Amino acid sequence: MDILVALAIGLTAGLLSGMLGIGGGTVAVPGMVLLLGTDQHAAQGVALAAMLLTAFVGASIHYRQKNVNLRMAMWIAPAAIGFSALGAWVAGLVEPEWLTRVFAIALLAIGIRMLFFARGGKFVGIG
Amino acid sequence: MLAGFLGIGGGIILVPMMTGLLCLSQHRAHGTSLAVILPISAVGTVVYATRGDVDWPLAATIGVGSIAGAIVGARLMMRFSAHRLRQVFGLYTIAVAILLILR
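For the record, the sequence lines run as chains A and B. Note that the working numbering has the first sequence beginning at 144, numbered continuously upward. Note that the working numbering has the second sequence beginning at 6, numbered continuously upward.
These are calculated hints, taken from the structure and not from any lab test. In this text the structure is predicted, and so the values were computed from the model without any measurement. Be a bit skeptical, because a hint or two may be false.
[As the list claims (entries may be wrong)] Derived coverage of chain A by chain B (criterion: at least 3 residues anywhere in the stretch with Cβ under 8 Å from a Cβ of chain B; other residues may be distant): (1) 168-174; (2) 189-201; (3) 206-213; (4) 229-240.
Idealized CB from N, CA, C, for every residue including glycine.
Next up, chain B with everything else stripped away, as it sits in the complex:
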């Protein structure tokens, strides 16, 4: 629901649910959540595309950049503390939220 409504994948709900309620390990939760995000984003994409809200070249450019980033990110992950990364990301999302509201 959040995924389709807000254009985010749903992993924020899926991963903690899987590790917390279903006792999956972090790695399996991550992998399984991606497998669920795949059909979610497919359905969401179809609905947005029928409204003419998908700019395909832009999506492909961001997708390609994102894959490259994800491969590098997965390797870099080991060098930083997860706790510190989450703090930085938390500050970043709060700053972006404020920018979006003020816009």
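Just chain A, with the same shape it has in the complex:
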């Protein structure tokens, strides 16, 4: 049963990511926490690992369509990698209940931004 729920979470995350240019994390993490009862830290770890697979497939498709600005990616990547490692390390120091709260507040901010700044047909993505 859980495997079907996990597949459904992945499908929903992928569908939204394909349609809106948003990533799986915002769907997959709360999906696991609310539906599978996964602990917040584990849910975030799994979301990142699953994203690795999705981003690889997505990036290769975009690369073949020449939609990747490699030079820009290389400029951004080092800082992004550093801060990602730092963020992941800090998350390990935070109690799961508090991590869930911070995650919920970030989601709330994303939702409000999506609702009220959704004009102009301009896409804004979420990893």
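Model the placement of chain B on the given structure of chain A, informed by the hints.
Coordinates of chain B only, in the frame set by chain A:
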């Protein structure tokens, strides 16, 4: 930072920065942001895995579902207005945030 801390990819910051500050087209911003998300999620995964916070079979199941969804989603995108999709997604994230806080 947000990606590692919250387990989300960072595209919410990357894509608007690329289209706004760096004047990249939406398609190129999407592609480039995915290329940056790849190393971000790799580093994040390693840090979480060393703490024992990665359930690999679960990650693979969600990843496979997600790839299938993304392929369908990219095709469906053309049939819906981006504005309406963003409104629905905005409502969804607010509802989930409230559920998580009340839990």
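Determine which of the earlier numbered hints do not hold for this structure and return their numbers in increasing order. none
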